[in-house]
Amino acid sequence: MPKLSQFFFPKDRLSGRELIVVAILALILIFVMPPLLPGFRLDLLHRYLALAIVALGIDLIWGFTGLLSLGHGIFFALGGYAIAMHLKLQVPTTAPSPLPDFMSLYGVTELPWFWYPFYSFAFAVAAVVLIPALLAALLGYLVFRNRIRGVYFSILTQAAIIVFFNFFNGQQKLFNGTNGLTDFQTLLGFPVRNAQTQYWFYVITVIFLALAYLLCRCLTMGRFGRLLVAIRDDEVRVRFSGYNPTSYKVLVFAISAALAGIGGAFFTLRTGIISPRAMDIAFSIEMVIWVAVGGRATLIGAVLGALLVNFARSLLSEQFADIWLFFQGALFLIVVLALPTGIVGWLRTEAPNLIAKLLGRPQPVATYPELEFDPEVQYERQVLEQEGK
Amino acid sequence: MTFLLESVFNGMSIGAVLLLTALGLAIVFGIMGVINLAHGELMMLGAYTTLVVQNGFRQLGEGWFDAYLLIAVPLAFAVAAGIGVVLERGVIRYLYGRPLETLLATWGVSLILQQLVRSISWQMTLQIALFCLLFFGGRWLLSKRAIAPRWQAWVSPVLLVLSFGISLTASLVAGGTVGLAMTKPWFGAQGVDVTAPSWLRRGVNLWGVQFPFVRLFIIALTVVCLAAIYFFLLRSQWGLRIRAVTQNRSMSACLGIPTQTVDTLTFALGSGLAGVAGCAISLLGSVSPNTGQNYIVEAFMVVVVGGVGKIVGSIVAALGIGFVNYVIGSGLMTRFLEPQTALFDFFEFFASTSMARVMVFILIIAFLQLRPAGLFPQKGRMVDA
Numbered sequence: 001m002p003k004l005s006q007f008f009f010p011k012d013r014l015s016g017r018e019l020i021v022v023a024i025l026a027l028i029l030i031f032v033m034p035p036l037l038p039g040f041r042l043d044l045l046h047r048y049l050a051l052a053i054v055a056l057g058i059d060l061i062w063g064f065t066g067l068l069s070l071g072h073g074i075f076f077a078l079g080g081y082a083i084a085m086h087l088k089l090q091v092p093t094t095a096p097s098p099l100p101d102f103m104s105l106y107g108v109t110e111l112p113w114f115w116y117p118f119y120s121f122a123f124a125v126a127a128v129v130l131i132p133a134l135l136a137a138l139l140g141y142l143v144f145r146n147r148i149r150g151v152y153f154s155i156l157t158q159a160a161i162i163v164f165f166n167f168f169n170g171q172q173k174l175f176n177g178t179n180g181l182t183d184f185q186t187l188l189g190f191p192v193r194n195a196q197t198q199y200w201f202y203v204i205t206v207i208f209l210a211l212a213y214l215l216c217r218c219l220t221m222g223r224f225g226r227l228l229v230a231i232r233d234d235e236v237r238v239r240f241s242g243y244n245p246t247s248y249k250v251l252v253f254a255i256s257a258a259l260a261g262i263g264g265a266f267f268t269l270r271t272g273i274i275s276p277r278a279m280d281i282a283f284s285i286e287m288v289i290w291v292a293v294g295g296r297a298t299l300i301g302a303v304l305g306a307l308l309v310n311f312a313r314s315l316l317s318e319q320f321a322d323i324w325l326f327f328q329g330a331l332f333l334i335v336v337l338a339l340p341t342g343i344v345g346w347l348r349t350e351a352p353n354l355i356a357k358l359l360g361r362p363q364p365v366a367t368y369p370e371l372e373f374d375p376e377v378q379y380e381r382q383v384l385e386q387e388g389k
Numbered sequence: 001m002t003f004l005l006e007s008v009f010n011g012m013s014i015g016a017v018l019l020l021t022a023l024g025l026a027i028v029f030g031i032m033g034v035i036n037l038a039h040g041e042l043m044m045l046g047a048y049t050t051l052v053v054q055n056g057f058r059q060l061g062e063g064w065f066d067a068y069l070l071i072a073v074p075l076a077f078a079v080a081a082g083i084g085v086v087l088e089r090g091v092i093r094y095l096y097g098r099p100l101e102t103l104l105a106t107w108g109v110s111l112i113l114q115q116l117v118r119s120i121s122w123q124m125t126l127q128i129a130l131f132c133l134l135f136f137g138g139r140w141l142l143s144k145r146a147i148a149p150r151w152q153a154w155v156s157p158v159l160l161v162l163s164f165g166i167s168l169t170a171s172l173v174a175g176g177t178v179g180l181a182m183t184k185p186w187f188g189a190q191g192v193d194v195t196a197p198s199w200l201r202r203g204v205n206l207w208g209v210q211f212p213f214v215r216l217f218i219i220a221l222t223v224v225c226l227a228a229i230y231f232f233l234l235r236s237q238w239g240l241r242i243r244a245v246t247q248n249r250s251m252s253a254c255l256g257i258p259t260q261t262v263d264t265l266t267f268a269l270g271s272g273l274a275g276v277a278g279c280a281i282s283l284l285g286s287v288s289p290n291t292g293q294n295y296i297v298e299a300f301m302v303v304v305v306g307g308v309g310k311i312v313g314s315i316v317a318a319l320g321i322g323f324v325n326y327v328i329g330s331g332l333m334t335r336f337l338e339p340q341t342a343l344f345d346f347f348e349f350f351a352s353t354s355m356a357r358v359m360v361f362i363l364i365i366a367f368l369q370l371r372p373a374g375l376f377p378q379k380g381r382m383v384d385a
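These protein sequences, in sequence, are chains L and S. The working numbering puts the first residue of the first sequence at 1, with every later residue one more than the last. The working numbering puts the first residue of the second sequence at 1, with every later residue one more than the last.
Some clues are possibly wrong.
[Claimed, not checked] SDA-like, lysine to any residue: derived pairs with alpha carbons at most 20 Å apart:
(1) Lys-173/L - Ser-354/S
(2) Lys-184/S - Leu-325/L
(3) Lys-184/S - Ile-120/S
(4) Lys-173/L - Ala-351/S
(5) Lys-184/S - Phe-326/L
(6) Lys-173/L - Phe-346/S
(7) Lys-184/S - Ile-323/L
(8) Lys-357/L - Gln-152/S
(9) Lys-357/L - Ala-153/S
(10) Lys-357/L - Trp-154/S
(11) Lys-173/L - Ser-352/S
(12) Lys-310/S - Val-151/L
(13) Lys-310/S - Ile-148/L
(14) Lys-173/L - Glu-348/S
(15) Lys-357/L - Trp-151/S
(16) Lys-310/S - Arg-149/L
(17) Lys-184/S - Ala-321/L
(18) Lys-310/S - Gly-150/L
(19) Lys-173/L - Phe-350/S
[Unchecked claim] From chain L, some residues computed to sit far from chain S (all C-beta separations above 12 Å):
(20) Ile-28
(21) Tyr-106
(22) Trp-113
(23) Phe-118
(24) Asp-183
(25) Leu-188
(26) Pro-191
(27) Arg-217
(28) Gly-222
(29) Arg-223
(30) Gly-242
(31) Leu-251
(32) Gln-319
(33) Gly-360
(34) Val-383
[Said to hold, decoys possible] Facing chain S, from chain L, some residues (calculated, C-beta under 8 Å):
(35) Ile-148
(36) Ala-159
(37) Leu-331
Hints listed in this document are in silico derivations from the structure and should not be mistaken for laboratory results. We treat Cβ as the ideally placed atom computed from N, Cα and C, and that holds for glycine.
Modelling step: build the complete structure from the supplied sequences, incorporating the hints.
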């Protein structure tokens with residue numbers, strides 16, 4: 001189907017230069033950073049790269065489509081749980097019971113039925129992507145079909161996250177409740193907590209981040225991307241033009257959820273724990289602020305924002321434990337009030353002027369070019385310059 | 001009969017708390033179209049106000065202590081309304097018509113308020129007061145004088161840095177000299193209990209059902225608040241203006257209604273109601289910096305289910321959600337069913353407070369499939385609801 005692939009992935013627009021830049025950045029992350037950074041920092045970098053994948057998904061749905069999801073923690077956690085369940089089933093043969101260790105604590109004698117497929121690694125990997133995507137598609141379909149949008153969508157996703165939090169928190173026997181799944185041993189026979197294995201997880205995370213970036217880039221460049229922006233800017237007109245915005249919104253919600261799931265899986269592999277706390281409301285809203293700080297609808301801004309905000313967070317909360325929450329609150333206010341386009345947006349629009357001004361270069365004048373050649377305008381300009389400065 | 005009465009009463013009391021919480025939200029959201037995620041924190045401030053008033057009255061003696069609620073309710077209203085005014089003038093005013101940004105900004109405010117309550121001490125109060133005095137006072141003084149235009153842009157940043165530095169140094173010095181009395185947080189991060197006055201601690205037993213007075217008090221408070229809101233919106237001069245601005249902002253402005261004042265007033269009203277709600281919930285459980293978070297999402301659901309901009313909708317939705325919540329959460333459904341049947345197991349699974357929320361959410365999503373705009377949607381010939 002040549003037409004459909006053109007619709008989603010326009011061949012001619014992704015320039016080779018961008019591909020090379022992405023590849024170089026990925027290679028730097030893979031080969032230069034690990035020897036350069038001490039283990040603790042590398043650990044943080046790995047976590048934040050995993051979160052950057054989530055941020056890309058949020059940028060796709062919020063930046064481009066204008067749907068503010070406050071419930072991406074659900075998909076993040078589901079991805080994490082999917083891989084964690086597979087890890088949890090790698091019970092060593094010496095263990096007294098063939099069940100995951102926490103289950104015997106609660107007196108579970110038989111593995112719950114939905115745990116069985118997670119014995120298969122392939123299924124678990126597929127589940128990381130598919131379970132969040134399918135859930136998002138279902139939820140999105142039910143919500144978008146009724147043209148529930150804007151803040152209503154945000155509220156509903158927020159309610160959904162509370163619901164999932166309660167569900168996972170309450171089910172001690174199925175998911176170990178509040179404590180979450182932790183204490184993983186092996187993955188495909190490799191010990192998970194080994195430094196060597198963790199390095200490979202890091203490499204795969206970087207590769208996935210690069211791929212996710214390129215995927216989002218392709219998706220947003222073509223007609224599909226333009227439709228998303230059109231939905232963001234005037235959904236009614238899109239509908240009147242003969243498109244059905246619902247299906248696009250459902251699709252983009254699902255893709256974004258899948259990205260969140262992948263991010264969650266990598267995050268879980270690094271931290272070695274997934275618990276219902278990943279479905280905290282606060283965490284889900286934080287994800288949005290990464291994108292807002294970096295710059296909405298810029299993709300690279302989402303990655304940048306996730307890394308910057310999280311590093312700032314770990315630096316600040318190492319120094320002053322209390323101040324981070326003040327700082328985070330202020331960050332929300334500042335970004336919304338003073339920097340609505342985020343860092344990347346600011347760099348694109350304001351920064352060139354500022355640099356020109358600092359260098360003493362003449363300011364570009366925001367008028368029609370013809371106006372500059374109008375003798376009357378030129379005269380007035382001269383007069384003003386003589387009078388004023 | 002007994003447990004029918006019991007479930008109606010319990011459902012109603014849950015609904016009353018929900019309604020009280022949602023009322024302020026419904027006003028702000030319905031009239032101004034602003035989603036206020038800091039609403040929960042305004043409630044929390046109301047609850048802490050109650051705590052402070054209670055502690056103050058405890059000093060006065062046992063006889064006085066019983067009357068503290070009479071002061072606490074209006075004071076909670078006033079404190080929350082005051083913060084609401086500051087919030088509207090300082091932040092939300094710049095964000096009208098951008099609901100998603102408002103959402104994020106108010107979330108930022110809510111984080112700041114939470115941490116503020118956790119860590120506020122005399123030292124911090126001193127710092128904030130000094131900063132406000134220096135910064136705003138300095139700006140006011142400078143606005144009286146003529147400043148060369150090229151320096152005008154520098155006034156605020158320089159003042160900001162100066163007053164922040166001075167206030168920080170002063171508070172650190174004060175904290176260093178006075179010591180713990182200065183630096184100890186007032187409330188801390190721990191939950192604190194508010195003791196109900198003795199006349200609320202009892203209950204009455206009718207037809208074999210226990211009616212605690214606290215619950216009855218909250219229901220009464222809700223009714224009073226509702227009546228006051230109705231009276232204010234439908235009978236008073238400012239209520240008329242608020243309704244006019246809701247209907248047509250520019251036309252109202254042309255007719256001489258100060259729309260900005262109306263906005264501030266509406267927001268203060270909604271915030272004040274949050275304060276009253278906080279006062280009520282402080283009687284039900286312990287008060288902690290995250291008190292507000294537990295109620296806020298359900299309050300939003302009440303507003304969405306009820307239909308935005310309709311207080312009647314909020315009433316019906318709050319009572320309905322409260323009732324369903326109680327009936328499912330308390331395991332009432334399982335009493336009517338045979339054990340070991342599929343339906344019994346199903347309801348058994350959801351028979352706890354947290355699982356009832358799961359069920360209620362599913363029901364709400366199902367309900368929104370039938371009536372996407374809520375119970376009482378705005379009528380009109382709009383392309384989009």
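Checked hints:
1. At most 20 Å may separate the alpha-carbon atoms for a hinted pair to count; Lys-173/L and Ser-354/S meet this at roughly 16 Å.
2. A distance of roughly 19 Å separates the Cα atoms of Lys-184/S and Leu-325/L; the hinted pair therefore holds under the 20 Å criterion.
3. The suggested pairing of Lys-184/S with Ile-120/S holds, with an alpha-carbon distance near 8 Å, which does not exceed 20 Å.
4. Restraint check for Lys-173/L and Ala-351/S: the C-alpha separation of about 16 Å stays at or below 20 Å, so the hint holds.
5. Using a Cα cut-off of 20 Å, the hinted pair Lys-184/S and Phe-326/L holds, with the two alpha carbons roughly 18 Å apart.
6. For the suggested pair Lys-173/L and Phe-346/S, the alpha carbons sit about 17 Å apart, so the restraint of at most 20 Å is met.
7. At most 20 Å may separate the alpha-carbon atoms for a hinted pair to count; Lys-184/S and Ile-323/L meet this at roughly 16 Å.
8. With a C-alpha separation of about 18 Å, the suggested pair Lys-357/L and Gln-152/S falls inside the 20 Å cut-off, and the hint holds.
9. At roughly 16 Å between alpha-carbon atoms, Lys-357/L and Ala-153/S fall within 20 Å of each other, so this suggested pair holds.
10. Proposed proximity of Lys-357/L and Trp-154/S is supported: the alpha carbons are some 17 Å apart, at most 20 Å.
11. Between Lys-173/L and Ser-352/S, the direct Cα distance comes to roughly 15 Å. Compliance with the 20 Å bound is thereby established for this hinted pair.
12. Between the alpha carbons of Lys-310/S and Val-151/L the distance comes to roughly 17 Å, so the proposed pair stays at or under 20 Å and holds.
13. A hinted pair counts as satisfied when its Cα atoms are at most 20 Å apart, and Lys-310/S with Ile-148/L qualifies at roughly 18 Å.
14. Restraint check: the Cα-Cα separation between Lys-173/L and Glu-348/S comes to about 15 Å, which is no more than 20 Å; the hinted pair holds.
15. Between Lys-357/L and Trp-151/S the CA atoms are separated by roughly 17 Å; this keeps the pair inside 20 Å, and the hint holds.
16. With a C-alpha separation of about 19 Å, the suggested pair Lys-310/S and Arg-149/L falls inside the 20 Å cut-off, and the hint holds.
17. For the hint linking Lys-184/S to Ala-321/L, the alpha-carbon distance of about 16 Å falls within 20 Å, and the restraint holds.
18. For a cut-off of 20 Å, the pair hint linking Lys-310/S to Gly-150/L stands: about 19 Å separates their Cα positions.
19. For the hint linking Lys-173/L to Phe-350/S, the alpha-carbon distance of about 15 Å falls within 20 Å, and the restraint holds.
20. Its beta-carbon lying about 32 Å from the closest one in chain S, Ile-28/L satisfies the requirement of being farther than 12 Å from that chain.
21. Every C-beta of chain S lies more than 12 Å from that of Tyr-106/L, the closest at about 16 Å, which supports listing it as non-interface.
22. For Trp-113/L, the non-interface assignment is confirmed: its Cβ lies about 15 Å from the closest Cβ of chain S, beyond the 12 Å cut-off.
23. Distance to chain S confirms Phe-118/L as a non-interface residue, since its nearest Cβ pair spans about 22 Å, more than 12 Å.
24. At roughly 25 Å, the least C-beta separation between Asp-183/L and chain S is larger than 12 Å, which holds for a residue marked as non-interface.
25. The Cβ of Leu-188/L lies farther than 12 Å from every Cβ of chain S, with a closest approach of about 35 Å, so its non-interface assignment holds.
26. Taking the minimum C-beta to C-beta distance to chain S, about 36 Å, the non-interface status of Pro-191/L holds against the 12 Å cut.
27. The beta carbon of Arg-217/L sits about 24 Å from the closest Cβ of chain S, which is more than 12 Å, so the claim that it is off the interface holds.
28. Distance to chain S confirms Gly-222/L as a non-interface residue, since its nearest Cβ pair spans about 25 Å, more than 12 Å.
29. Once the 12 Å rule is applied to beta carbons, Arg-223/L is consistent with being away from chain S; the minimum gap is 24 Å.
30. Remark: the non-interface label on Gly-242/L is consistent with the geometry, its nearest Cβ contact in chain S lying 15 Å away (cut-off 12 Å).
31. The claim that Leu-251/L is not at the interface with chain S holds, since no C-beta of that chain comes within 12 Å of its own (minimum 20 Å).
32. Gln-319/L, annotated as away from the interface, keeps every beta carbon of chain S farther than 12 Å; the closest lies near 15 Å.
33. At roughly 16 Å, the least C-beta separation between Gly-360/L and chain S is larger than 12 Å, which holds for a residue marked as non-interface.
34. Distance to chain S confirms Val-383/L as a non-interface residue, since its nearest Cβ pair spans about 19 Å, more than 12 Å.
35. Evaluation of the Ile-148/L hint against chain S yields a held restraint, the C-beta minimum of about 6 Å falling below 8 Å.
36. Interface hint at Ala-159/L: satisfied, since its Cβ lies 5 Å from the closest Cβ of chain S, which is below the 8 Å cut-off.
37. Here the hint on Leu-331/L is kept, as its CB sits about 7 Å from the closest CB of chain S, short of 8 Å.
Comparing the model with each numbered hint stated earlier shows that all of them hold.
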